[in-house]
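Between the sequences and the hints, there should be enough to build the whole structure, so can you do that?
Residue numbers (numbering that gives the first Met the number 0), protein chains in the order written: chain A, 0 to 349; chain B, 0 to 440; chain C, 0 to 229.
It is possible that part of the hints are untrue.
[Said to hold, decoys possible] Stretches of chain B that chain C covers, calculated by requiring three or more beta carbons in the stretch to come under 8 Å of a beta carbon on chain C:
no., region
1, 67-80
2, 107-113
3, 123-136
4, 259-271
5, 355-369
6, 385-397
These are calculated hints, taken from the structure and not from any lab test. Even for Gly, the Cβ is constructed at its ideal location relative to N, Cα and C.
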Amino acid sequence: MNDTILVVGAGPTGLSAAHGIASVGRKVALVEKVDRLGGTPILSGYAKLVPSGEWAKDAIGRMVARVESNPLISVHKSATVTRLEGEAGSFTATLSNGQTLAAGAVVLGTGFTHFDSINKPEWGFGTYEDVVTTTQVEQMVGAGKIACPSDGRAPERVAILLCVGSRDRQIGREWCSKICCTVSTNLAMEIKELSPKTDVYIYYMDIRTFGLYEDKFYWKSQEEFGTKFVKARIAEVTIAPDGKRLLVKGEDTLVKRPIVIPFDLIVHAIGMDPNEDNPEIAKVFGVGLEQHGFVERGEHYTSSFASTRPGIYVGGSALGPEDIDTCVSHGLAMAMRVVGDLATLARKAA
Amino acid sequence: MSETSGGIAGHGAFFQPTNLSAQEAEKATAWVKKRVDRRELDLGERMDDVREHMWQLEKEGEIIVHRITDAHKPVMVKTLFGWDKKIPTLQLWHHKSCGQCGNIPGYPTSLLWTMNQLGMQPGRDYLDETDQTSCTAWNYHGSGIGNVESLAAVFLRNFHQAYVSGKRLGHQPGHFYPLVHCGTSFGNYKEVRKYLVENATLRERVTKILGKLGRLVDGKLVIPEEVLHYSEWVHVMRKRIASELQKIDVSHLRATVHMACHYSKMVHEDAIYDPEVLGGNRAAVGTSMAEALGAQVIDYSTWYDCCGFGFRHIISEREFTRSFTIDRKIKVAQEEAKADVMLGIDTGCITTMDKNQWIGRAHEQQYTMPIMADIQFAALACGADPFKIVQLQWHASPCEDVVEKMGLSWGESKKRFEDYLKEVKAGRIEYLYNPELAVSA
Amino acid sequence: MTTYAEMQEVFDDIRNDFRYEHELNGCLNCGICTATCPSAHFYDYSPREIVQLLWTENIEQIYDAMQEKIWACAQCMTCAARCPFKNSPGGLVAIMREVAIKHGFQSAKDVLRPFGRVMLKLITTGNQLSPDMIQPDHFPDWGPNIQKVQGDLKILRKAIPMKTLQTTDTAWEVALKTSVEMYTIWEMTGVLKQLETMDENLFDVIEDFIEEKREEYDELLEKQADKEDA
Chain A
0 MNDTILVVGA
10 GPTGLSAAHG
20 IASVGRKVAL
30 VEKVDRLGGT
40 PILSGYAKLV
50 PSGEWAKDAI
60 GRMVARVESN
70 PLISVHKSAT
80 VTRLEGEAGS
90 FTATLSNGQT
100 LAAGAVVLGT
110 GFTHFDSINK
120 PEWGFGTYED
130 VVTTTQVEQM
140 VGAGKIACPS
150 DGRAPERVAI
160 LLCVGSRDRQ
170 IGREWCSKIC
180 CTVSTNLAME
190 IKELSPKTDV
200 YIYYMDIRTF
210 GLYEDKFYWK
220 SQEEFGTKFV
230 KARIAEVTIA
240 PDGKRLLVKG
250 EDTLVKRPIV
260 IPFDLIVHAI
270 GMDPNEDNPE
280 IAKVFGVGLE
290 QHGFVERGEH
300 YTSSFASTRP
310 GIYVGGSALG
320 PEDIDTCVSH
330 GLAMAMRVVG
340 DLATLARKAA
Chain B
0 MSETSGGIAG
10 HGAFFQPTNL
20 SAQEAEKATA
30 WVKKRVDRRE
40 LDLGERMDDV
50 REHMWQLEKE
60 GEIIVHRITD
70 AHKPVMVKTL
80 FGWDKKIPTL
90 QLWHHKSCGQ
100 CGNIPGYPTS
110 LLWTMNQLGM
120 QPGRDYLDET
130 DQTSCTAWNY
140 HGSGIGNVES
150 LAAVFLRNFH
160 QAYVSGKRLG
170 HQPGHFYPLV
180 HCGTSFGNYK
190 EVRKYLVENA
200 TLRERVTKIL
210 GKLGRLVDGK
220 LVIPEEVLHY
230 SEWVHVMRKR
240 IASELQKIDV
250 SHLRATVHMA
260 CHYSKMVHED
270 AIYDPEVLGG
280 NRAAVGTSMA
290 EALGAQVIDY
300 STWYDCCGFG
310 FRHIISEREF
320 TRSFTIDRKI
330 KVAQEEAKAD
340 VMLGIDTGCI
350 TTMDKNQWIG
360 RAHEQQYTMP
370 IMADIQFAAL
380 ACGADPFKIV
390 QLQWHASPCE
400 DVVEKMGLSW
410 GESKKRFEDY
420 LKEVKAGRIE
430 YLYNPELAVS
440 A
Chain C
0 MTTYAEMQEV
10 FDDIRNDFRY
20 EHELNGCLNC
30 GICTATCPSA
40 HFYDYSPREI
50 VQLLWTENIE
60 QIYDAMQEKI
70 WACAQCMTCA
80 ARCPFKNSPG
90 GLVAIMREVA
100 IKHGFQSAKD
110 VLRPFGRVML
120 KLITTGNQLS
130 PDMIQPDHFP
140 DWGPNIQKVQ
150 GDLKILRKAI
160 PMKTLQTTDT
170 AWEVALKTSV
180 EMYTIWEMTG
190 VLKQLETMDE
200 NLFDVIEDFI
210 EEKREEYDEL
220 LEKQADKEDA
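The following block contains the structure:
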């Protein structure tokens, strides 16, 4: 039986799990498919995280730093697991760089893929330059400037369309991506802060700034930053008669009136898709996927974070849309599970 | 995947030119295309393709599928979710449109003329006959008189006739494949096919009716493999039409395209989306033919809007239709897009936009725009006579303007046509196909 | 005065249509259907409202909406293409229209009366609008320019180089057998019954016409049989 634990994915979940496991003295092999650690918040250039307001590069950076400096954790970058053999207690993993690793358990923190707005073409992404995603706005915030990509001007009016790639049977994405409402209201505030003359409108079906986020984001974005909310799902985005701005077409359901409004910049609040590599991941690790395409998990009461294969645990946004804070918690929970289960196995063997 | 500069796919906080060569750019974005390829949504079992159920039904011996074979020389295209669709290009049975034949005769005439020009032989490569009923969907959508059963029975009756139509000319069953001229027929048939495939009770009831009409094959219903709209045929033939037949340069013309609701929104998973046309972001038909001819296709703010036909409204509540079409289509095409012509792909749309301009004067909304079908425009550009073939004399909108802009003389064409009318009076009539082919039963 | 029980019957008829389940799954009240509805721009009509009334089983307001509102719908089906629930408000309206006709609503009769001319043409010939109907006096608001070459309609139609289109009283020439087949379909599917409910006079005219055509067809068949025997 091997006492190293293989952690796949070095995003918030994997970083948290790796540290958790190492903190009780166990060895970790951390495998990451790209050449740097941090996961989506770093790769997609997120600016300030919710709800902390800390810069992603600082907050996640801290997590990365303590993992990289931990002698119990061996980091394997630019590598994926291409084969996994064995069973709980003694697995052998082959990496894409040829290396083999022995591990007693596997923790999957493989994360998600952002919804690609090109798959919702009537909302203008791919047709009009001034239609961007929340990720791209995060990058603008990181650079300190909100500008229309077409001509670099500061937008007078910005529309954020919620639920792009979520809650939509037309494209087979019936789920809610949980955190986009909070992220969008946060971005609305950041846009206003960086560009005080800009008015931000949010077009929604529901506002799900859950728990303590309600007043921190939904109320605050209105009271302190003048964000306007319209309960309307937009039907189409087309070019305005002036050839420059863009029109959104909706029904203001609360006043029961169709609306057609021009904007300078349109932001898609994109959802969280299952990781595009999930079919491959499912095959390599021998774990099941649930009906939406995310990784299947065990019943939560007594088998939290189990996958369908004994010895392999899964958490974070690999399970479904999840916010970063919760992913960090999942990582620690999985660390607990792994260490506990391996100890049980060891006792049995003795 | 190297992330040294941050961001995804080279997007920094600003959008800066990369100054990559075409090859380098291709290499850099290849990974994006792999996943982001147009319409590569991995929908798994969550989106239903009715055709799978249809094949299953045939396997179970419940129906017969009218197949598109190699003899039909099919071309493959992609639809909204990246599914494949077969478009037969040869051996077609013309399913005519009431509105076209009644009010816009140049519409089907231009289509058949184009087929002749491409070397298709009437009686072998296409057939137009009297044994066809209206799809009855215009009436259904307008008045509510009718029901799924009557629509289904009509659908199956017509498609059965298409299936057996070749017999009297010595062809095998299934020789001629139905080509639906009207957008509403197309949308209606797509829907009805879905109901038939999914509902056994409906099939049972309709089988009785078809049985009484003697229109079953081996006691079974005949359902077509694909429901095909003429604009889809035009789409796959567009490059040949432009390269082999085009005689007039239209690159100076600005065209706006109106997309028919019943083509693209009814059973919208079955409509052509082509990465070469509008980036694959909008339904390709109509636009693709105009672009292939070299015309400038201009985007406008109400691209997705309905024309306001309303099915019932255009007959008996016309203020709605004309207000809507003038405000949302004609005015926009003129003022915003400054178009020379507005092209459509469906009967109702063209009728609506063409006939509801003059009345604008009564409401101080004086907007005019030449209106015609994509195939009429193509035929003109390929040298078809504006009167004898394109039959523009039936269009109320100022089509003479765009004809003149194409370098043709409206006055001269009219004179030629009036001379031809004398010939017609004397019984010397010209035909696109031997008139005897038209009469079946 | 319509009773609640009668209104309930009407709603049950709508609900029991086999398409209902497919076309109404629930509603998020997002308004995307109304956003893009051409009728919502012009009339006091909202597909979202129709769906909300049906989903919450508001018997009385559904009955109400079936008087005028449902006839505003332009049947473009943009709502069905956009709804995140994959409902089809346009499809639901079509069901409601059929049910209104089935129950002989006076409002339906009123709405459809101007459509009668077209119905006659359709039921008897299978075409919606024939060339001889597109004349300035029938559609004066289409303007005087709907025919840019003057002359005898018959000649002008003969100048169309497709044999099937050389008619004036139908859009295309329909074989007698084809018409008779269509009558059978109308009969067996209950469409003639619908028509009788909506407009008895029109129905009588149509019945006579159909009988005539059927006799003509029977004669034709006899003649053909005789020819074959000879």
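These are the hints, each one checked on the structure:
Counting residues of the region 67-80 of chain B whose beta carbon lies closer than 8 Å to any beta carbon of chain C gives 0, which falls short of the minimum of three for the stated coverage. Figure legend: the region 107-113 of chain B, annotated as covered by chain C; annotation consistent (4 residues with Cβ-Cβ distances under 8 Å, at least 3 required). Here the region 123-136 of chain B counts 8 residues with a CB under 8 Å from a CB of chain C, which clears the bar of 3, and the coverage holds. Here the region 259-271 of chain B counts 6 residues with a CB under 8 Å from a CB of chain C, which clears the bar of 3, and the coverage holds.
Look at the region 355-369 of chain B against chain C: 5 of its residues bring a Cβ nearer than 8 Å to a Cβ of that chain, three or more, so the hint holds. Three residues within the 8 Å Cβ limit are the bar, and the region 385-397 of chain B against chain C gives 9, so the coverage statement holds.
Consistency with the previously given hints fails for number 1 only.
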